[in-house]
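Peer 1: Position chain B relative to chain A; hints supplied.
Note that the protein sequences, when read in sequence, are chains A and B. With the working numbering applied, the first sequence corresponds to residues 1 to 312, in that order. With the working numbering applied, the second sequence corresponds to residues 313 to 559, in that order.
Hints are not guaranteed to be accurate.
[As the list claims (entries may be wrong)] No more than 27 Å apart at the CA atoms, straight line, and that leaves these computed lysine-lysine pairs for DSSO-like:
{"hint": "1", "chain 1": "B", "residue 1": "398", "chain 2": "A", "residue 2": "161"}
{"hint": "2", "chain 1": "B", "residue 1": "552", "chain 2": "A", "residue 2": "48"}
{"hint": "3", "chain 1": "A", "residue 1": "138", "chain 2": "A", "residue 2": "161"}
{"hint": "4", "chain 1": "B", "residue 1": "325", "chain 2": "A", "residue 2": "119"}
{"hint": "5", "chain 1": "A", "residue 1": "179", "chain 2": "A", "residue 2": "126"}
{"hint": "6", "chain 1": "A", "residue 1": "48", "chain 2": "B", "residue 2": "399"}
{"hint": "7", "chain 1": "A", "residue 1": "71", "chain 2": "B", "residue 2": "398"}
{"hint": "8", "chain 1": "A", "residue 1": "21", "chain 2": "A", "residue 2": "8"}
{"hint": "9", "chain 1": "A", "residue 1": "90", "chain 2": "B", "residue 2": "325"}
{"hint": "10", "chain 1": "A", "residue 1": "264", "chain 2": "A", "residue 2": "233"}
{"hint": "11", "chain 1": "B", "residue 1": "398", "chain 2": "A", "residue 2": "90"}
[Unchecked claim] Examples of chain B residues lying across from chain A (beta carbon under 10 Å, computed):
{"hint": "12", "residue": "321"}
{"hint": "13", "residue": "322"}
{"hint": "14", "residue": "325"}
{"hint": "15", "residue": "397"}
{"hint": "16", "residue": "406"}
{"hint": "17", "residue": "408"}
[To be verified] Not the full set, but computed from the structure, chain B residues with beta-carbon under 7 Å of chain A:
{"hint": "18", "residue": "332"}
{"hint": "19", "residue": "401"}
{"hint": "20", "residue": "402"}
{"hint": "21", "residue": "405"}
{"hint": "22", "residue": "409"}
{"hint": "23", "residue": "410"}
{"hint": "24", "residue": "411"}
Everything labelled a hint here was simulated from the structure, so no lab data went into it. Every value quoted in this text rests on a predicted model; they were computed, and no experiment measured them. Even for Gly, the Cβ is constructed at its ideal location relative to N, Cα and C.
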Amino acid sequence: MEKSIEVKSVTKEYPGIIAVKNMTFSVEKGAVHGFLGPNGAGKSTTMKMICGLIVPTDGSIYIDGMDMREKSGLLKRKLGFLPENPPLYKGMKVEEYLRFVGGIRGEKLKRNVGLILEKCGLESVKGRRIGNLSLGYKQRVGVAQALVHDPEVVILDEPTKGLDPKAVDEMRKLILNLKDERTILFSSHLLHEVENLCSHITIIKEGEVLEHGPIESVRKTFQGHKTFKVQLKRFDSELRASFQKKFRNLELDFDKWERELLLKIHAPSDGDRREELTSFFVQNNCGLLSFREESLGIEEIFRMATTKEANL
Amino acid sequence: MNFLNGVCLLLKKELKDYFFSPLIYILTGLFSGIMGWLFFNYLVGAKNLTMLSLTHSILIPLFGNINFLFLFLIPLLSMKLFSEEKKNQTLDLLFLSNLEHSQIIFSKFLAGLIISLFILSWTLVFPIILGLSGYNDWGTVLSSYLGLIFSIISYLWVGLFCSSLTENPIIAAITTFCVLLGMMLMVLTVNATQIEILNIIFQYLSTPFHYEGFVRGSIKNYNLIYLLSFSGFFYFLTHKSLESRNW
Numbered sequence: 001m002e003k004s005i006e007v008k009s010v011t012k013e014y015p016g017i018i019a020v021k022n023m024t025f026s027v028e029k030g031a032v033h034g035f036l037g038p039n040g041a042g043k044s045t046t047m048k049m050i051c052g053l054i055v056p057t058d059g060s061i062y063i064d065g066m067d068m069r070e071k072s073g074l075l076k077r078k079l080g081f082l083p084e085n086p087p088l089y090k091g092m093k094v095e096e097y098l099r100f101v102g103g104i105r106g107e108k109l110k111r112n113v114g115l116i117l118e119k120c121g122l123e124s125v126k127g128r129r130i131g132n133l134s135l136g137y138k139q140r141v142g143v144a145q146a147l148v149h150d151p152e153v154v155i156l157d158e159p160t161k162g163l164d165p166k167a168v169d170e171m172r173k174l175i176l177n178l179k180d181e182r183t184i185l186f187s188s189h190l191l192h193e194v195e196n197l198c199s200h201i202t203i204i205k206e207g208e209v210l211e212h213g214p215i216e217s218v219r220k221t222f223q224g225h226k227t228f229k230v231q232l233k234r235f236d237s238e239l240r241a242s243f244q245k246k247f248r249n250l251e252l253d254f255d256k257w258e259r260e261l262l263l264k265i266h267a268p269s270d271g272d273r274r275e276e277l278t279s280f281f282v283q284n285n286c287g288l289l290s291f292r293e294e295s296l297g298i299e300e301i302f303r304m305a306t307t308k309e310a311n312l
Numbered sequence: 313m314n315f316l317n318g319v320c321l322l323l324k325k326e327l328k329d330y331f332f333s334p335l336i337y338i339l340t341g342l343f344s345g346i347m348g349w350l351f352f353n354y355l356v357g358a359k360n361l362t363m364l365s366l367t368h369s370i371l372i373p374l375f376g377n378i379n380f381l382f383l384f385l386i387p388l389l390s391m392k393l394f395s396e397e398k399k400n401q402t403l404d405l406l407f408l409s410n411l412e413h414s415q416i417i418f419s420k421f422l423a424g425l426i427i428s429l430f431i432l433s434w435t436l437v438f439p440i441i442l443g444l445s446g447y448n449d450w451g452t453v454l455s456s457y458l459g460l461i462f463s464i465i466s467y468l469w470v471g472l473f474c475s476s477l478t479e480n481p482i483i484a485a486i487t488t489f490c491v492l493l494g495m496m497l498m499v500l501t502v503n504a505t506q507i508e509i510l511n512i513i514f515q516y517l518s519t520p521f522h523y524e525g526f527v528r529g530s531i532k533n534y535n536l537i538y539l540l541s542f543s544g545f546f547y548f549l550t551h552k553s554l555e556s557r558n559w
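So that you can see chain A by itself, here it is in the shape it has in the complex (with noise of 0.2 Å):
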């Protein structure tokens, strides 16, 4: 799959600190690719190395195969980028604005304005003053004005933070609508947002990429084992001793909520023990009415990957 944004041994030191430590992932074409990390982890660093505001201390970066060092100014048109503090002139109306963004990005771009308006939902607050929108509207100019230039990758820095619950899902119905028009990499603190828009995902702590790939993979590498949810009317202490003696190597949790019965089961993650699990309960006429396969979510994964113990 062709790549967009590749982030090679990129290193970025202050004095006294390194932010950066020689890291690399790739993001690719078309993807919507989530970027987590605890806070000061180097995400905003990285975001800004990408869009060329901070040039690396070491490593390179491509956009589209093009060294970021070489062809900044190209390439900085490419590139659509909302910093963790939208960058809003609080004086100028919302559609004036866009319409400035539009203008210093190049003047034949003003056309775009108007879809922009619609797309972002901006259109019944174009004529008022960004300082006297809510914080969700403020946050949707900024995604205009990353897009107003019509950008084929677009960098989010924490789109949703301080958002919401409302505002939070419109702006993931504007993620969505941008999704397969353009790459998009995002950052953001609400990990169940990463797991619904994103395909792909790279953790990072103190600098370091941790995890890297699609979701799938770097949940394969942390789910040591699987975990099997069966909800039964019946499973006594003759059946268990049975279950028990058929799979040796199972491990049982019991969860009684009145009449029904909650089982997790624990499997070692190689081979598929589904089939023969369910014809066991329906054989020995356990009443099985659910059975499912629960799958580690994207917030575990980022505690485990995150976490020292993890790293061990």
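Peer 2: Relative to the frame of chain A, chain B by itself:
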């Protein structure tokens, strides 16, 4: 985007920011009030109203005061030019655009200059009043205004550079004022030192020395060289300051 288009685009935005802010009207009001009061006092205090006495007892001291007041006005006018952009992170927006650093610097400088000239323009009423009474030494008036514009340009470059150093407009204003005051006080060093070569160097480096040349109506080549080299030096420092994010 050619150089002028980029400069005009940002200049328009900067001027709009200035004229939408109450600061400019407060400063213009204060400045005009103080100058009007001074003009009235000089006029009342003048013993005889000949052409020569009007120039020496009213206009030259009046222009000296205008120059001195701009020492306070310029830090206030230039303090937000870069520091506000840094604080609101809008400078990154400009860096990501098609604008070159030089376009950003020149448009901000021009905005500051236009605003300063707007404030200065209110003082035109004084020579006009004198002109209505028969005063016609317009050469002195013109060269004095050139001298003031010369000083304003120098002060603005310092203000622009100091504003690019910090995110805090107040710190930018205080730093600009200190640098400008230091340059003005260099005249005292000129008087204090006995070594002739140092005397000449300090005299050349102090802005008021060159301003006086304009007011006397004797504009020399080195006055213009000073203006160009001073502006060039502070433009270079501002450019380097903007580039420092890459260090």
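Peer 1: So, for every hint listed, does it hold in this structure?
Peer 2: Here is how each hint holds up against the structure:
For the proposed pair residue 398 (chain B) and residue 161 (chain A), the alpha carbon gap of about 20 Å is at most 27 Å, so the pair holds. Using a Cα cut-off of 27 Å, the hinted pair residue 552 (chain B) and residue 48 (chain A) holds, with the two alpha carbons roughly 19 Å apart. With a C-alpha separation of about 11 Å, the suggested pair residue 138 (chain A) and residue 161 (chain A) falls inside the 27 Å cut-off, and the hint holds. At roughly 26 Å between alpha-carbon atoms, residue 325 (chain B) and residue 119 (chain A) fall within 27 Å of each other, so this suggested pair holds.
Only pairs whose Cα atoms come within 27 Å are accepted, and residue 179 (chain A) paired with residue 126 (chain A) is accepted, the gap being roughly 24 Å. Under the criterion of a C-alpha separation no larger than 27 Å, the hint pairing residue 48 (chain A) with residue 399 (chain B) is consistent with the structure, at around 17 Å. Distance hint between residue 71 (chain A) and residue 398 (chain B) is fulfilled; the C-alpha atoms sit about 25 Å from each other, no more than 27 Å. With a C-alpha separation of about 11 Å, the suggested pairing of residue 21 (chain A) with residue 8 (chain A) holds against the 27 Å cut-off.
For the suggested pair residue 90 (chain A) and residue 325 (chain B), the alpha carbons sit about 12 Å apart, so the restraint of at most 27 Å is met. In summary, the hint linking residue 264 (chain A) to residue 233 (chain A) is supported, as the alpha carbons are separated by about 14 Å, within the 27 Å threshold. About 14 Å separates the Cα atoms of residue 398 (chain B) and residue 90 (chain A), which keeps this hinted pair within 27 Å; it holds. The interface hint given for residue 321 (chain B) holds, since its Cβ lies 5 Å from the closest Cβ of chain A, which is under the 10 Å cut-off.
With its C-beta approaching chain A no nearer than about 7 Å, residue 322 (chain B) sits inside the 10 Å limit, and its interface hint holds. Using the Cβ-Cβ criterion of 10 Å, the hint placing residue 325 (chain B) at the interface with chain A is satisfied: the shortest such distance is roughly 6 Å. Below 10 Å, beta-carbon pairs count as interface contacts, and residue 397 (chain B) has one with chain A at about 9 Å; its hint therefore holds. For the restraint placing residue 406 (chain B) at the interface with chain A, the shortest Cβ-Cβ distance is roughly 7 Å, inside the 10 Å limit, so the hint holds.
For residue 408 (chain B), the interface hint holds, since its Cβ comes within 10 Å of a Cβ in chain A; the closest pair sits about 6 Å apart. A least Cβ separation of about 6 Å between residue 332 (chain B) and chain A falls short of the 7 Å threshold, and the interface hint therefore holds. A distance limit of 7 Å between C-beta atoms decides the matter here; for residue 401 (chain B) the minimum to chain A is near 5 Å, and the interface restraint holds. Interface hint at residue 402 (chain B): satisfied, since its Cβ lies 4 Å from the closest Cβ of chain A, which is below the 7 Å cut-off.
Given the 7 Å rule on beta carbons, the hint for residue 405 (chain B) holds: about 4 Å separates it from the nearest Cβ of chain A. For residue 409 (chain B), the interface hint holds, since its Cβ comes within 7 Å of a Cβ in chain A; the closest pair sits about 4 Å apart. With its C-beta approaching chain A no nearer than about 6 Å, residue 410 (chain B) sits inside the 7 Å limit, and its interface hint holds. For residue 411 (chain B), the suggested interface contact is upheld, since its CB lies about 6 Å from the closest CB of chain A, less than 7 Å.
The structure is consistent with each of the numbered hints, conforming to all of them.
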